[in-house]
Amino acid sequence: MPDRFAPGDAVRTSTADPAWHTRLPRYARGAVGRVVELAGHHPLADDRARGRAGTTQAVYHVRFAAADLFGDGDHDVTVELWEDYLEPADQQGGTP
Amino acid sequence: MSGDHHGSSAISERVRHVEALLEERGLVDAGEIDRRIDEFLAGGSPANGARIAARAWVDDGFRDRLLADANAAIRGVGLSMAGGLQEQRLKVVANTDDEHNVVVCTLCSCYPIALLGPSPAWYKSEAYRSRVVRDPRGVLAEFGLELPADVRISVWDASAESRYMVVPRRPDGTDGMSEEELAGLVTRKGLIGTAAV
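Residue numbers (UniProt numbering), protein chains in the order written: chain A, 1 to 96; chain B, 1 to 197.
Chain A extracted, bound-state conformation (with noise of 0.2 Å):
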């Protein structure tokens, strides 16, 4: 399958609150970000932590804004997400 996301994209992330182990840090969920690069691709960790094989998709470098995660700061945050985690944005939300 190819590749969703390209670098520049804008990104929603997932407000899902899942029982199970996942990799989108609850900071970070429901905000809007920009793909900054594709950092490979590898199964969906929140599979492999319930024992499944897991899907391998792939994972982006995703920037953030500090007030859109935060509501202030000047700072940014870029975490790696899995595309499972990641709905296309507007190209007016978010400013990082």
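Keep in mind that the hints were calculated from the coordinates and are not lab data. Source: prediction; values computed, not measured. Every residue, glycine too, gets a C-beta built ideally from N, C-alpha and C. Heads up, none of these hints are tricks.
Output of the computed footprint for chain A on chain B, the stretches with three or more beta carbons under 8 Å from beta carbons of chain A:
#: 1; segment: 128 to 137
#: 2; segment: 154 to 163
A partial selection of chain B residues facing chain A, derived with a Cβ cut-off under 8 Å:
#: 3; residue: R89
#: 4; residue: T106
#: 5; residue: L107
Computed list of chain B residues with no C-beta within reach of chain A, every gap over 10 Å:
#: 6; residue: V28
#: 7; residue: I37
#: 8; residue: D59
#: 9; residue: G61
#: 10; residue: D64
#: 11; residue: S80
#: 12; residue: A82
#: 13; residue: A121
#: 14; residue: G144
#: 15; residue: A195
Please arrange chain B on chain A, whose structure you already have, making use of the hints.
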């Protein structure tokens, strides 16, 4: 083994219990986990990261390759991220006059052991992991690193499979120094981004 990750004896007890079960069922033999950890840590040292940073300071071509594809670049100087069960992707970011990078793993304590040696206790602490994403300028000031207000801070959270390392800014007044002397200036904190060099 190194089960005392969170400073909690309850966790240590659980780890020892699981280890005993694994041995009892023949899934690992006695001492195998310790042996694997020793193998993984062997050769891991901040001197490796320091060597990479110094090379990046003196060789622009190496610096460009390092920032574009760190795994390939460090192989060129005889280093590797392949010491564990699989090769880990390395992402290197460089500090400049305008931007300062700092590394954290908010979910646990991931970090490139081969290049930085075993991680310091503060790196694994909940205080560092939770606060540096929220208020990096304040946390860095507590480390004694007061950054000018116009220096932008980028925090890198090792939440998946990549490991991060920072190339610090080359200090002023080091023009005449050899690569080896430069490497001697680089600290582990400098390579994580919690100190300048």
